[in-house]
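*Asks:* Following the hints, put chain Z in place on chain F, whose structure we already have.
Chains F and Z are the protein sequences, given in the same order.
According to the UniProt record's numbering, the stretch in the first sequence is residues 1 to 345, in order.
According to the UniProt record's numbering, the stretch in the second sequence is residues 1 to 345, in order.
If you're looking for bench data, these hints aren't it; they were derived computationally from the structure.
Any given hint could turn out to be false.
Note that the list lumps identical chains together, so a pair holds whenever it fits in one copy or between two copies.
[To be verified] Below, simulated PhoX-like cross-link-like pairs (lysine-lysine); rule was C-alpha separation at most 25 Å, straight line:
id, residue 1, residue 2
1, K293, K252
2, K154, K293
3, K61, K46
4, K252, K154
5, K316, K46
Spelled out, the chains give:
Protein chains: 2
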Amino acid sequence: MADTHMISVETLQNRVQNIFETCGVRAQAAEVVAQVIVAGERDNCKSHGIYRIEGCLRVLKAGRVDGQAIPELHDSGKAVIEVDAGGGFSNPAFDAAKALLAARARETGLAALVIRDCLHFSALWHEVEALAGEGLAALSMCPSYAFVAPAGGKEPLLGTNPMAFGWPRAGDYPYVFDFATSVAARGEIELHRRAGTPIPEGWAVDIDGRSTTDPDAALAGAMLPFGAHKGSAISTMIELLAGAMLGEFMSKEALDFMGGGGLLPRHGALVLALDPQVFAARSGRDPIAEGEKLFAAFADQGARLPSQRRFAARVKAQRDGIALTTAEMDQISRFETLGLDALID
Amino acid sequence: MADTHMISVETLQNRVQNIFETCGVRAQAAEVVAQVIVAGERDNCKSHGIYRIEGCLRVLKAGRVDGQAIPELHDSGKAVIEVDAGGGFSNPAFDAAKALLAARARETGLAALVIRDCLHFSALWHEVEALAGEGLAALSMCPSYAFVAPAGGKEPLLGTNPMAFGWPRAGDYPYVFDFATSVAARGEIELHRRAGTPIPEGWAVDIDGRSTTDPDAALAGAMLPFGAHKGSAISTMIELLAGAMLGEFMSKEALDFMGGGGLLPRHGALVLALDPQVFAARSGRDPIAEGEKLFAAFADQGARLPSQRRFAARVKAQRDGIALTTAEMDQISRFETLGLDALID
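Bound-form chain F, shown alone (with noise of 0.2 Å):
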């Protein structure tokens, strides 16, 4: 396409990195935080890709985060290790314990990462990934804005509270998976708003509680969980293990805080981390060749894992290079060099 501009990984990099820099971001974390948007940009995941860079500018601008936060770690020496973000971008404070964690939970098979007070953007694959680099499974999940009712109830008290799962593979790319448990991204609904498009069945109830297509309704109303009652409890679930049990804010609370959705939250996060080979030792089996076999019986049917179209966008954009629109091109350039002035309220 005409519109499109090539930009290498490297240099997208260094230029969000200069971005957050610019804007009150101490360099490390700068770093960080740039890491994960310029990989969702990377993976082709638009949504958590340069896109987010302006929402991360709006709570740097509302002074409701903290750039210059350093993460504080607390170890124990146990299975459970903690890390403050004090009111910083979660990204930091996870690359700040990841290492530690990684080593914890080959010490005692598994180990728990709690991250305290942090402000929440990204999707929770990359930290899943991170970990099944180490040869670890990991499983990530957080509260986020009370915007789904649970099932049987008609109002919002439920975050979209999304949850990640990352298991090592033998030369490939990891199993991940990383998903909201609303039946949809509250954006999605957005987009049909501005579209003017009708929601499909099932996304959404209105302020009643009946069932609607109109996203105007559903925005005002409630978001539905996915697969129902079960869906329901899982995400009642990641409210209670890592909202309640961290002592941190769950769904509701976080949007209390933020007085309303239109600042990106702040809450903590709970990271599992677990060593296969701690597990499996006793067996005598080899689990990463185990879980082979899966994947294996998967492709003999034709059905693919999730996190393929990722990877697949990954290896083009480290051999091609990222395409950007001029729109996307102009906005960073923007950004580069109005710092948060560069947000019109």
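*Replies:* Below, chain Z alone, put in the same frame as chain F:
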């Protein structure tokens, strides 16, 4: 109803336990297996109540479960504890390990129990309720038989892989969910087959991968996971964490091992226990009180928590006894008198 006989929980426990002892199960194991079955009946969870006795006796008669097996604990002193069921029922193995699992979780924050080589027939809520009774959050999962096609596939590969979660409540039954990761239980399709009624759209595909409402075609084809690709991903995670990671059977190997789904499956199981007091400590918040805020918000909008019907049945059964039909009472008597010879091949 005229056809109904009331029997106390204690009397039913004694009679079921006696059946298992008569059929060659050592006393302590018979007691635990009977407890689990009677708990199902007590909670009016009929599919996991006395209906299960016959299935358990069939594997005993076939020599595919060891009624005399003594669970062997293996404790490295770290966060992963193992119990080898030695080809016996899963429940006595869990019972033998649960105090150690709870103690370890309190000490390290979280701990995992690996159950190896067990015959599995029970719901998982029993395990997570036991741990919630100790003030712990718990997550339990296991593979089963490969009857479910992955999303995007058409051949059975994944199990109906159940997953249960428990969370302790203040002065109330715990928050508990327990469900199969298939849309429906296999038994429900079987009931439609016997009744000659079609199954709902979305439960299963035929051997050519086409959606079917014919129970026979469904049983010959493949069941479907709940929640489309998201449920399929969770079911895959269960294969990996509770099968491959432990070096124990995944659902396909479990099916091959038993030579089909006629007998109850043998495989492993994974139980995670987390101590909310350890996780919340640095926050200064009471995690249990935080959880209650969420449950209160469920109640405010009239949304029921899972397992409430079961708990209501429990209260009633503990007060009034359990109502069994004449046919059910007769079968219990037959098993008591004839033991394994009561089974008609």
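*Asks:* Indicate, hint by hint, whether the structure satisfies it.
*Replies:* Hint by hint, here is what the structure shows:
With identical chains, the CA atoms of K293 and K252 are at most 25 Å apart between copies only, with a shortest distance of 10 Å across copies and 42 Å within one. Within a single copy, K154 and K293 get their C-alpha atoms only as close as 43 Å, which misses the 25 Å cut-off; across copies the closest is 17 Å, which meets it. When the C-alpha separation of K61 and K46 is checked against a cutoff of 25 Å, the pair qualifies only within one copy, where the shortest distance is 23 Å, while the shortest distance between copies is 58 Å. Taking the shortest Cα distances, K252 and K154 sit within 25 Å of each other inside one copy (15 Å), while across copies they are farther apart (40 Å).
Taking the shortest Cα distances, K316 and K46 sit within 25 Å of each other inside one copy (15 Å), while across copies they are farther apart (54 Å).
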